[in-house]
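Trainee: Each protein sequence line maps, in turn, to chains L and H. Okay, so the first sequence: first residue is 1 according to the numbering used here, each after it adds one. Okay, so the second sequence: first residue is 1001 according to the numbering used here, each after it adds one.
No lab work stands behind these hints, which were simulated from the structure alone. Glycine residues also receive a C-beta, built at the ideal position from the N, C-alpha and C atoms. Some hints could be false.
[To be verified] Subject to a maximum C-alpha distance of 27 Å in a straight line, what follows is the list of computed BS3-like cross-link-like pairs (lysine-lysine): (1) L:K117 <-> L:K46; (2) L:K179 <-> L:K92; (3) H:K1054 <-> L:K92; (4) H:K1083 <-> L:K115; (5) L:K115 <-> H:K1183; (6) H:K1141 <-> H:K1097; (7) H:K1107 <-> L:K83; (8) H:K1115 <-> L:K45; (9) L:K45 <-> H:K1092; (10) L:K141 <-> H:K1083; (11) L:K141 <-> H:K1046; (12) L:K162 <-> L:K97.
[Said to hold, decoys possible] If you want the ones that stay clear, here's a sample from chain H, every Cβ over 12 Å from chain L, calculated: (13) D1039; (14) R1066; (15) E1067; (16) Y1070; (17) S1099; (18) K1115; (19) L1132; (20) Y1142; (21) N1149; (22) K1161; (23) N1170.
Number of protein chains: 2
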Amino acid sequence: MNYPNKKSSYNQKLVNYGNRGMTLEEDINISNKYYLENDIAIVHKKPTPIKVVKVDYNNRINTKIREAYYEIPSTTDYNGIYKGKYIDFDAKETKSKTSFSLNNIHKHQLEHLIKVKNHGGISFLIIKFSMLNETYLLETKYIEDFTNNNERKSIPIDYIKKYGYIINSNYYPRLEYIKIIDKLIEGEINEKKVK
Amino acid sequence: MNYPNKKSSYNQKLVNYGNRGMTLEEDINISNKYYLENDIAIVHKKPTPIKVVKVDYNNRINTKIREAYYEIPSTTDYNGIYKGKYIDFDAKETKSKTSFSLNNIHKHQLEHLIKVKNHGGISFLIIKFSMLNETYLLETKYIEDFTNNNERKSIPIDYIKKYGYIINSNYYPRLEYIKIIDKLIEGEINEKKVK
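Isolated chain L (complex conformation) (with noise of 0.2 Å):
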């Protein structure tokens, strides 16, 4: 896919960022940011989920919310639209530079990803090994088999590179999951071919 490239002052802005300190939720929601400018999919991440206890009500715009806890989500943090296809994922960082731990997951998102995949949505995670710099791609369908088929509550790094994709850093968009996407849709077409 050949992206147009007309937000090159965002561009210049971006190269102070370089690769330091820049969390895996801060270049999904960039990435986001140009893909929507762009037209090119459109993906949110939704708002994080808090349960409000204590108001302050003087009227509808300026209400103060005096007291709050934050909820544990029950869905992913990412869904939107791409080729008229729905996508949801939720993103994960680990210091571990060996392996991802499932307790990073909580047990209903894990289910939420595997029912979107079973409606034919486009289902994954995005895994940063934020030591090694690394990012990957990894469908449901592959962390539902491992988990069906293994006691250990981690998938070694290198299950994660066989069946995963990694995703190419950049400037702008910092983190192109959308070609990797791309691969998937056309793996599907070509399964379709095969039957």
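With the hints as your guide, set chain H onto chain L.
Mentor: What follows is chain H alone, placed relative to chain L:
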């Protein structure tokens, strides 16, 4: 579509609500719960976006938010997947008996719905005329057409009746909007056949 009826205990409970006092949002949430539990569709309401200003950070689980404010959502409230298709909508209630004021939709919400439509998603508004107890589904293309061809800032109910679909109310699911989406998908298929 023939819905399985395995949640009879839930049905019972809902009888007490009757039609009194249930907001459109509650109705949709209950319908989505039904669709999810019966594996028909996966549609979730997004959390309300809140800007957090001050927190008491005790530990990761018990963080207390001391000051926060509601933000204007940049997208719609609901999205998900049905029959492999991306669906996206917002729900609006009006006390008017004659028209739906476009002031009820934020500009970027309408822009978002249009983008989703252009990317091949199914996007629409669910509009409830609470005084009439009538709820309609109106596809984005008809809202876009209306705003492109009219000076007036409210859509007359006759226009909504002509181009939209009335949504049946039941006990469970409360609002069978998925049945309307079936019609839309059929319509798409028919349109394609005509070409």
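Trainee: With reference to the structure, classify each hint as holding or not holding.
Mentor: How the hints compare with the structure:
1. L:K117 <-> L:K46: 19 Å, holds
2. L:K179 <-> L:K92: Judged against 27 Å, a Cα distance of about 19 Å means the pair holds.
3. H:K1054 <-> L:K92: 25 Å, holds
4. H:K1083 <-> L:K115: With Cα atoms ~12 Å apart, K1083 of chain H and K115 of chain L stay inside 27 Å; holds.
5. L:K115 <-> H:K1183: 24 Å, holds
6. H:K1141 <-> H:K1097: Holds. K1141 of chain H to K1097 of chain H sits at ~23 Å (cutoff 27 Å).
7. H:K1107 <-> L:K83: The given pair, whose Cα atoms are some 24 Å apart, holds under the 27 Å limit.
8. H:K1115 <-> L:K45: 16 Å, holds
9. L:K45 <-> H:K1092: 22 Å, holds
10. L:K141 <-> H:K1083: 19 Å, holds
11. L:K141 <-> H:K1046: Holds: K141 of chain L and K1046 of chain H sit about 25 Å apart, inside 27 Å.
12. L:K162 <-> L:K97: The given pair, whose Cα atoms are some 16 Å apart, holds under the 27 Å limit.
13. D1039: Since the minimum Cβ distance to chain L is about 8 Å, D1039 of chain H lies within 12 Å and the statement is violated.
14. R1066: About 7 Å separates R1066 of chain H from the closest Cβ of chain L, which leaves it inside 12 Å; violated.
15. E1067: 7 Å, violated
16. Y1070: 6 Å, violated
17. S1099: 22 Å, holds
18. K1115: Not fine: 5 Å to the nearest Cβ puts K1115 of chain H too close to chain L.
19. L1132: 25 Å, holds
20. Y1142: Nearest chain L Cβ is 20 Å from Y1142 of chain H, so the label holds.
21. N1149: Its Cβ never comes within 12 Å of chain L, the nearest being 24 Å, so this holds.
22. K1161: 29 Å, holds
23. N1170: Holds, since 23 Å exceeds 12 Å.
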